[in-house]
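Chain A is already provided as a structure; the job is to place chain B on it using the hints.
Next come the chains, spelled out residue by residue.
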Amino acid sequence: MTAAVARADSSSESLLQIKELDKHFGPVQALYHVDLELPSSQVTALCGDNGAGKTVLTKCVAGIYQPDHGQVFWEGRPVHVRNARDAARLGIETVYQDLALADNLDIVQNMFLGRERLRTGLLDEDNMERAAKETLASLRVTTVRSIRQPVASLSGGQRQSVAVAKAVMWNSKLVIMDEPTAALGVVQTRMVLDLIKRLRDRGLAVMVISHNLNDVFEVADRIAVLYLGRMVAQDKASAFDRQSVVEYMTTGGFGGGGRARAN
Amino acid sequence: MAEPEPTEVVEPVPGAADLTAAPEAAQAEVPPEIIAQTLGEYLRAWGVRIRAGESGVLPVIVAMVVIMAVFEIISPNHVFLSPTNLVNLFQQSAVFMVLAMAEAFVLVLGEIDLSVGFVGACGAAITVQLVQPLTTNWPWWAAIAGGLLFCAVFGAVQGTLVTRLRLPSFIVTLAGYLIANGIFLQILLFGPFSGYPSLAGFSDNLQVIYALMWGNIDPVISWVGAGVVVAALGLLIWFGDHRRRQSGLVAPPVSLTLIKIGIIAVVAVVVVLICNTNRATLVVLEGVPWVIPVVLGVLGIWTVLFGRTRYGRYMYAIGGNPEAARRAGLNLAMIRTAAFALCSVTAGVAILLYASLLGGINNNFQGGQYVLYAVAAAVIGGTSLFGGRGKPLHGVLGGLVIGGIYNGMFLQGLPVQAEYVVTGLVLIAAVTIDAVSRRGATSGSVTRV
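Going down the list, the protein sequences come from chains A and B.
Per the working numbering, the first sequence starts with residue 33, numbered consecutively.
Per the working numbering, the second sequence starts with residue 873, numbered consecutively.
Among the hints, erroneous ones may be present.
Have a look at the derived ranges for each label pair, beta carbon to beta carbon [to be verified]:
{"no.": "1", "chain 1": "A", "residue 1": "Asn159", "chain 2": "B", "residue 2": "Gly1231", "range": "46 to 56 Å"}
{"no.": "2", "chain 1": "A", "residue 1": "Ser270", "chain 2": "B", "residue 2": "Leu1037", "range": "54 to 64 Å"}
{"no.": "3", "chain 1": "A", "residue 1": "Gln129", "chain 2": "B", "residue 2": "Leu1286", "range": "56 to 66 Å"}
{"no.": "4", "chain 1": "A", "residue 1": "Asn203", "chain 2": "B", "residue 2": "Val929", "range": "39 to 49 Å"}
{"no.": "5", "chain 1": "A", "residue 1": "Arg117", "chain 2": "B", "residue 2": "Gln1058", "range": "45 to 55 Å"}
{"no.": "6", "chain 1": "B", "residue 1": "Arg1117", "chain 2": "A", "residue 2": "Ala169", "range": "16 to 26 Å"}
{"no.": "7", "chain 1": "B", "residue 1": "Gly1172", "chain 2": "A", "residue 2": "Asp100", "range": "48 to 58 Å"}
{"no.": "8", "chain 1": "B", "residue 1": "Gly1201", "chain 2": "A", "residue 2": "Ala271", "range": "32 to 42 Å"}
With the C-beta cut set under 7 Å, the calculated list includes, among others, these residues of chain A facing chain B [to be verified]:
{"no.": "9", "residue": "Ala132"}
{"no.": "10", "residue": "Leu133"}
{"no.": "11", "residue": "Ala134"}
{"no.": "12", "residue": "Gly146"}
{"no.": "13", "residue": "Glu148"}
{"no.": "14", "residue": "Leu155"}
Derived contacts from chain B toward chain A, CB cut-off under 8 Å, selection only [what the hints assert, rightly or not]:
{"no.": "15", "residue": "Arg1180"}
{"no.": "16", "residue": "Thr1181"}
{"no.": "17", "residue": "Glu1195"}
{"no.": "18", "residue": "Arg1199"}
These are computed hints drawn from the structure, not numbers from a lab.
Here the structure is a predicted model, which is why all the values come from computation and not from measurement.
We put the CB at the ideal spot given by N, CA and C, even for glycine.
Same shape as in the complex, but just chain A (with noise of 0.2 Å):
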C-alpha cells in the first residue's frame, strides 16, 4: 500500500491521466479542460451536481463518446479509445448504474456475455462456470445461493456484485462505477462498499461516480470535483471534508475563493 500512495503523488505514473479534455454536445459545452488522474490501487471518487459532466466524463473513458479535444494516457502511453471494445482491451470495464444484466440469463452467462468460452464451437458451459465460480469466490461474494440462478432472483446488492464480478474478470485495471449504492438499503451498501475496497487492495485503479458523501468518505483514497463542466478540485481526500467537497459542488470554488483548485 505504501508503494501505491507513493506512486499516487507522481503524476507521469498514473494508470489513467486525462488532460485538457473538451466535450462539447452542439452549443452545450459539457467538459472544458478538464483533468483527471486514476492511479492504480486507489480508488478515485468523482463528485459533482446534477448536470456537472461526471456521466460525460466517464463515457469518454469508457469509449462511448469521443472528445473534441485533449489527450488520453493510459500507463503513461497516449491513447484514442474509440468504442467499449478498445477499452475493454486496454482493461477499462465499466458498470453502469443500471448494471446491464439480462435478468433471464444466470449469474455465470451474465458474466460471459459477449465473451463466452467454446469448446468444439459449443459453450464450455463447464469451464465457464468454473471461472465464474473462482472470480466470485476471490471478491468473497458468498451470499448467492448458486451461481446458476437467474439474475431476476438476486437482491440489489448481489447483483451490483455480479456487475463487479463481471467487470473485474477480464484482468480490467480500472473499472468505473457509476452510483453503485444509489439503489441499495444499508447492508447491501456495505457489501459493496467492501467490494470496492477489494478491489482496491487487488492493485486496481477504481473510479467511482457517487452522490453519497458518506460513502465517498468511507472509500476515497482520491476525490475529484466537477463543477458545470470543469475539474474544480482533485485532491487526496484527506484534503477535503464534507463542508468543502459540499462547496466545490455547489459553487466551484471554496471559502468564497472561486474557482480555485484544491492543489
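Here is chain B on its own, set in the frame of chain A:
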C-alpha cells in the same frame, strides 16, 4: 397491459421492505437442480417451484394428458389412442410444431412474425413447382434448397427493415404476410397445373417430397434407429452430468440422470411400438413415418442452436435486456436479422410438410390461420410473448396440444366452429398461466412487460 398499476402490486409479506430479499420468490426462481443434491430434495424444490408458478413445461404436459384422456373416453369406439390415429395426430400436428419452432426465433427476441404462413407457403410452392417432371424437374434436394433459400431471403429482408429502419416487426411482417400471399398465388400459376401443382406422379423427386409425410421407415430399421438415438442421447447426458459431478460443479444426482435417460428410452420404445403396429386393414402399413425423424431433427438442431451456441445465448440476452446485449458488444442488428431469416427458413420446412400432407399445394392454404396457430402453439408450450423465454421444445409440445384438439374434435364429428372455440380457450388458459407465473415471480420487484 392497461391494468391499473397499484392493484397489481401484491405485497406478499406485510411490512417486508426489501422485496428482492423475499425468500419464497427467490427460492421459486432458482431452478431446483442447482440447489438440490439428492433426488428427494430435488422433488421438493420442484414442488416449491410449481406452487410459485415457475412450472416449465409441466402445464402443457398436463394439458396433453387431459386432452388425451378426455378424447379417448368420448371418442367413438375409443379410437383416439389407437396407433392409426396417434400416427395421424402426429402427422397433422407436425406442421403446427415446426411452424411454432419457427416462431420461437422471433418470440425469444420479443418480436413477432405474422408472415411465416405465407412465406413458408412460397417456399413450399417453389419446391413443389421445381420438382415437377413436366417442367423444371429439379432433383428434390435442389428444389427444397431453392424453396428454403427464398424463405431465407424474404426473412432477411423483413429482419433488415425491422432492425435497420427500426420499424415494428408487427407491421413489417403484416406487410410481408400480404406480399408473400401475392407471391404465393403467383407461383402457383406457373406451369401447366392450373394453379394446383401436386405431388401425384411417379417421378422419384415427387415421391421423396410426398414421403416426407407419408413414407414409413422399415420396422426393423425403426428399432435400430431409435436404439441409436437413445444410446447417443443417453451417453451425452450421462457423460455431461458425470463430468460436472467430477469437477465439483452444480450437477443433478445420479438417480436423476438415470431417470432422464430412462424417460427418453421409454418414450422411444412406446413411439416405435405404436408406429410398428400395422395401421391399415387391407395392406401392410407399419414403421415409423419419416415425419417423426424430420420433426425431431429440426427440434434437435434448433435446441442445440438455442441452448449451446453463442448465437442462441445472444438471442436470449437480447430478449432479456437489449441494452445489456449492446454494452456487451453484440451485433444486435445482425443477430436479429438472422433470427428473422432462420424463422422464415423453418417456416419453409413446416409448410413443405403441409404440402406433403396434402399431396400438393393450392390456394386453399390458410396462411393467416397457421400463423396464429403457430404463435398459440409456442405460447401454450411455455414460450413467453414478451421475449427472453422460450425453447424449440415448447413449440413441439404446444403443437401436439393443438393437433390433439384438432384431431379429437374431428373424430367427434364436431364442426370447425367448435374447434376454433376450444383452441382459443386453450390459448387463453396458456397465456393466463404465463401471466400469473410472471406476476408470481416478479411481484413487488420489477414489473416487466
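Hint check results:
no. : hint                             : verdict
1   : A/Asn159 - B/Gly1231: 46 to 56 Å : holds (50 Å)
2   : A/Ser270 - B/Leu1037: 54 to 64 Å : holds (55 Å)
3   : A/Gln129 - B/Leu1286: 56 to 66 Å : holds (57 Å)
4   : A/Asn203 - B/Val929: 39 to 49 Å  : holds (41 Å)
5   : A/Arg117 - B/Gln1058: 45 to 55 Å : holds (46 Å)
6   : B/Arg1117 - A/Ala169: 16 to 26 Å : holds (20 Å)
7   : B/Gly1172 - A/Asp100: 48 to 58 Å : holds (54 Å)
8   : B/Gly1201 - A/Ala271: 32 to 42 Å : holds (39 Å)
9   : Ala132                           : holds (4 Å)
10  : Leu133                           : holds (6 Å)
11  : Ala134                           : holds (4 Å)
12  : Gly146                           : holds (3 Å)
13  : Glu148                           : holds (5 Å)
14  : Leu155                           : holds (5 Å)
15  : Arg1180                          : holds (5 Å)
16  : Thr1181                          : holds (6 Å)
17  : Glu1195                          : holds (6 Å)
18  : Arg1199                          : holds (5 Å)
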